[in-house]
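Visitor: Working from the sequences, and respecting the hints, build out all of it.
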Amino acid sequence: MTAPAGAPVHRCAFHTGPTEAGVIAAALCRRAVAAGSPVVAYVDDVVRRVLAERVPDTATVVFQERQVLVEEEPEALVEHWVRQARPGAADLVTVVCQQPFELAPDVERWWASEHAMTEAVAVQPVALTCLIDTVDHPAQVAMALGTHPVLWSESGDLPNPDLRVPGVLPADGRCLAEAVLDPQTGAANRRWWYDRLATAGLPDGRRDELVLVLHEAVTAAATLNGTPGGVRVRLSVAGDATTGIAVSGEVLTRTPCELLTPSEVPSDRRLLMLWLAEKVSPAVSLAVLLHSGGSRFLVSAQPLDRA
Amino acid sequence: MSRGAHDYVVLDSEEAHAQVVGDFVVEGVRRGECVMVAGLGTREPRLWARLRRAGVVGEDWQPSDTTVVRVVAPDPATLPDLVESVLAEGYAGVRFTGAITAAGENPFEEVIGRLVDERPMTVLCPYFRDLLLPGQRTSLAVCHDAEHDASAEFDDGVFRLTRVGQVLHLTGELDSGNADALRAVLRTTLSEDGGPATWDVTDLRFIDVGAADSLVAAAAGPPGLTLVGASRLTARLVRLLAERHPDRQVALADEPPGETPR
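Taken in order, these protein sequences are the chains called A and B.
If you use full-length UniProt numbering, the first sequence corresponds to residues 1 to 307, in order.
If you use full-length UniProt numbering, the second sequence corresponds to residues 1 to 262, in order.
Worth flagging that the hints you see were computed from the coordinates, not collected in a lab.
Since this is a predicted model, take the numbers as computed values, not measurements.
Glycine included, every Cβ here is placed at the ideal spot set by N, Cα and C.
Just to be clear, a hint being listed does not mean it is correct.
[Unchecked claim] Quick list of the computed label-pair ranges, beta carbon to beta carbon:
1) B:G165 - A:K279: 31 to 39 Å
2) B:A73 - A:G226: 50 to 58 Å
3) B:R163 - A:D195: 26 to 34 Å
Guide: Written out as structure tokens, the structure is:
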């Protein structure tokens with residue numbers, strides 16, 4: 001799925017350190033400037049200096065403060081970028097971002113924002129590249145892998161095998177049930193999930209898949225917590241029988257854990273069974289998010305026509 | 001169970017009820033009989049799911065007054081007329097079962113005793129052991145043809161393991177936290193002679209990743225393991241785990257080896 005030239009794209013470019021970020025940004029800018037297309041850059045001083053050294057003419061590059069990326073909604077940002085195009089020209093606006101994670105350290109916020117950005121960019125002439133520093137922001141790597149449809153490489157764009165279907169976050173639906181489950185009573189816990197998913201109207205087959213992943217999430221959370229005690233869970237539901245039912249189950253841990261990606265076996269064996277459970281459940285997506293000093297397993301099932 | 005018999009069974013768990021009564025109903029449908037059930041209450045959805053998994057009814061099937069499996073009122077006085085009505089529809093015979101959930105005498109027994117002598121009727125009376133009164137076992141033996149064997153290799157009310165010939169039947173739910181159940185499966189499997197092990201998992205409603213991984217790792221070594229009736233989710237899980245153990249062989253089948261497809 002290499003994006004054709006001129007097609008909208010939301011890509012992620014991983015790098016180590018600001019100098020490499022500058023080299024990547026310069027390559028993208030040179031290509032845009034050569035095509036006469038506008039460029040908008042949200043970059044730090046180091047990257048800006050590298051751009052000045054490597055791009056022949058940065059006069060057409062619009063530099064903006066990175067904090068704007070936190071202050072504005074994705075849709076508003078895309079509208080702003082589209083306005084940089086020349087009137088009547090079929091320009092593809094190139095946008096280069098260094099996300100200011102330090103200004104909004106909430107991974108969940110970035111997760112939702114990046115998915116919204118993908119949807120907004122898809123229908124506008126924008127080529128957006130997010131520069132992610134794997135050294136300075138290791139906690140953001142899984143989030144970036146889960147949210148960008150395309151990965152940048154020197155030889156061209158690559159499809160991202162770790163892209164996740166967006167989860168149904170509580171804001172999208174209503175909370176159906178909350179509980180603290182005893183991990184020692186697996187059968188009763190599964191009955192709890194089954195009954196509530198049945199109440200939500202989820203068909204049997206998808207219910208089975210969700211319960212398998214949720215069961216493994218509760219087991220993993222209990223193992224990670226390392227102490228006897230309950231595991232806090234919440235079930236949210238959106239939609240109805242007409243529009244399709246989407247559900248998300250959240251399982252909270254008291255200790256943080258690594259952020260899972262579909263293509264990499266987790267290094268923490270305590271997460272292996274959970275990771276494998278998602279692999280055999282095609283209707284279910286799993287995301288691991290940081291949450292109040294611990295982690296949150298978000299297990300989601302979209303309506304079939306959106307899955 | 002032979003046609004025309006009036007047997008009873010003493011059950012130790014809901015899993016045992018689901019398996020024994022489920023088998024009785026499925027057998028009746030396959031023999032072209034009409035099956036009437038009474039007193040199941042909340043057990044009904046599980047039995048309907050069991051019939052769907054066995055393939056004797058469709059995915060969207062629900063019982064009614066005209067279907068091959070019917071729910072009847074727990075009223076012995078209405079049973080004779082219901083039996084006559086079913087036979088008038090042309091069924092080869094009638095089966096009757098359900099769940100006996102009250103202690104003491106079962107009011108159906110007297111009516112059934114007369115009906116099975118006169119009509120082509122097969123009956124299984126399922127009693128729960130913890131509801132039997134002192135001495136009742138003796139009276140059950142007197143008023144029935146035989147006691148149906150419901151013994152199991154393992155049954156903790158959540159997971160049940162039985163053997164039919166060389167085939168192990170895994171039913172209920174099995175998770176990695178149930179070490180006793182996992183040990184029972186392995187102990188029973190590894191005690192077989194030489195040939196590939198065969199597990200019927202048609203009625204295994206849940207197995208978690210850890211349990212499946214343990215069983216595949218331990219039981220699927222040469223000469224291999226055949227799983228019969230695995231759900232799509234269980235089949236995907238087992239295939240994935242078998243790849244993690246390249247020296248293990250797991251075959252998936254709809255029927256036990258050597259049996260004719262139903």
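Visitor: Confirm or reject each hint.
Guide: Verification of the supplied hints:
Hint check: G165 (chain B) to K279 (chain A), Cβ distance near 35 Å, so the stated range 31 to 39 Å holds. Separation of A73 (chain B) from G226 (chain A) is about 54 Å and conforms to the stated range, judged on CB atoms against 50 to 58 Å. For the pair R163 (chain B) and D195 (chain A), the beta carbons lie near 32 Å from each other, so the given range of 26 to 34 Å is met.
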